[in-house]
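Undergrad: Chains A and B, in that order, give the protein sequences. The numbering of the first sequence is our numbering, which starts it at 30 and goes up by one. The numbering of the second sequence is our numbering, which starts it at 30 and goes up by one.
To be clear, the hints were calculated from the coordinates, so they are not data collected in a lab. Cβ atoms here follow ideal geometry from the backbone N, Cα and C, with glycine treated the same way. Careful, some of the hints might be misleading.
Claimed, not checked - Derived Cβ-Cβ restraints for the label pairs, each shown as a range:
| id | chain 1 | residue 1 | chain 2 | residue 2 | range |
| --- | --- | --- | --- | --- | --- |
| 1 | B | D112 | A | H318 | 29 to 39 Å |
| 2 | B | P243 | A | P56 | 58 to 68 Å |
| 3 | A | Q162 | B | G280 | 12 to 22 Å |
| 4 | B | G280 | A | A153 | 42 to 52 Å |
What the hints assert, rightly or not - Sample of chain B residues at the chain A side, in silico, Cβ under 10 Å:
| id | residue |
| --- | --- |
| 5 | H188 |
| 6 | P232 |
| 7 | Q236 |
Number of protein chains: 2
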Amino acid sequence: MRDFSKDLQWLSINTATVKMSKGKEFPLDQIIDACVRRNIRAISPWREQVKAVGIDRVAKLVRANNLALSGYCRGGMFTYSDDKGMLAAREDNRRAVDEAAQLGATCLVLVVGGLPGALNGKAAHNDIALSRQQVHDGIGELLDYARSMCIPLAIEPLHPMYAADRSCVNTMRHALDICDELDPNLSGSIGVAVDVYHVWWDPSLKQQIERAGPKRLHAFHVCDWLTPTRDLLNDRGMMGDGVINIPMIRGWMEAQGYNGFSEVEIFSSGNWWQCDAETTLDVCIERHHARV
Amino acid sequence: MRDFSKDLQWLSINTATVKMSKGKEFPLDQIIDACVRRNIRAISPWREQVKAVGIDRVAKLVRANNLALSGYCRGGMFTYSDDKGMLAAREDNRRAVDEAAQLGATCLVLVVGGLPGALNGKAAHNDIALSRQQVHDGIGELLDYARSMCIPLAIEPLHPMYAADRSCVNTMRHALDICDELDPNLSGSIGVAVDVYHVWWDPSLKQQIERAGPKRLHAFHVCDWLTPTRDLLNDRGMMGDGVINIPMIRGWMEAQGYNGFSEVEIFSSGNWWQCDAETTLDVCIERHHARV
């Protein structure tokens, strides 16, 4: 297993982790500056953060600072209740691929969507099998385009508590089934983003990481599961503050040949987003060394 | 599929659903009275509610009113960090079996426990595989005693969001693996409690219900998954108010020969526990007829 204790070679910061500083928006250009000052080599930005600063400017900053993008967040939300929704999702995902290409991201992370409308509190139906079919088809269609743009897709299975509103793909097994169906030749153009927060509980996790192998392991996201967890979305913990055995899971990834970044992705409205982002970054570094 | 629209033959009320009325404790004797007045034939009481009224009195009320117990909540919490914890769990589970027998419950529901200490905010370790081994061994030991008392055990896989603090058995697949290991002859002495809230998201649910078959399907619990869900524990919805296709899952159960009660189990600190319990029961009945 790689030694993370001595340098920052494999640390990436998902920019949602510091999207707020002391409860106020912390813009992406300042995040980049704060990362660069710490010799952090990679980030994974969110589209709305990129948009707020302007993608051309972000692309320039990324290049000027020789930053890698461990991923781009995010494509997906493939589920729909009418043709208009289907076309909008298709269009938006192609734009996400274009943006990922412009920024030089190593992959486009896909949060696939749940029951259409559920995220706004009103699901159009309760047929999760239908959503899963739409996700399968939507990824299949996007895959051709993503291949043409040389952007690998990374399906991120989300924790089952997001099945209704954010992602109806909730296990590695399911995500890898989709990969196998759409890309039986293991081309590397589609794989998974393994976020320990979403998958740590799964008794078949090790087996599924082994099944994935190096061609399908596109990203590795870390944070921690707190006890208690006070909010379904925005109460993630800093690595080491919760109950996930992160080094064990990283070991499983690396045993399969994963040698990419370890990306810190923490949504924390009550804690880290209330801290100074500079402090949060310092703690990310400290924990990357000691607890990942 | 059985017709629930015309009578209450197969409705059971998990007594946690009405443990509060207008925000105040609603004791079990009053719950029983309110159920009996509505011709509800079955309940599934919680141990602390039984204790508060006194088990002898509860047993008398149950018998006098010819109530069935679709289950007894609950045994489990098998995980421990020292010998004292192990012995306490063993002792407590045997008592739960005794109580279930005294009350004439059809099964003892098992919530197996997560990482020891996590429920109090401080996990003793982060080795979920160890917890799973302890659960396996704990159930195995309890099973002999439960058999001798003629009380079937029902492992209730809990939603993965409870993996850390309440149950490290989070899927039907895992629960049935344990059943198969401990009871390869399908004696009926151990099976699962299928709560739609915990398992609705699982893409292999139908397949696992089929795998379970009539000998392993010991209980069926209903409520609904709300969008948004505002609390990990106490924001369950009334059947029909969320996104779970309950009739579909009931159909899968009954196709395997399940012909027991449909037990309403709703934890709802913000909504139903604030209502008058009599109203809550009326709505349970209405939704049992129309949405289960």
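Undergrad: Give a verdict on every hint.
TA: Status of the hints after comparison with the structure:
1. B:D112 / A:H318: 29 to 39 Å: 36 Å, holds
2. B:P243 / A:P56: 58 to 68 Å: 60 Å, holds
3. A:Q162 / B:G280: 12 to 22 Å: For G280 (chain B) against Q162 (chain A), whose Cβ atoms are near 20 Å apart, the range 12 to 22 Å holds.
4. B:G280 / A:A153: 42 to 52 Å: 22 Å, violated
5. H188: 6 Å, holds
6. P232: Interface hint status for P232 (chain B): holds (5 Å vs cutoff 10 Å).
7. Q236: For Q236 (chain B), the interface hint is violated, since the closest Cβ of chain A sits about 12 Å away, which is over 10 Å.
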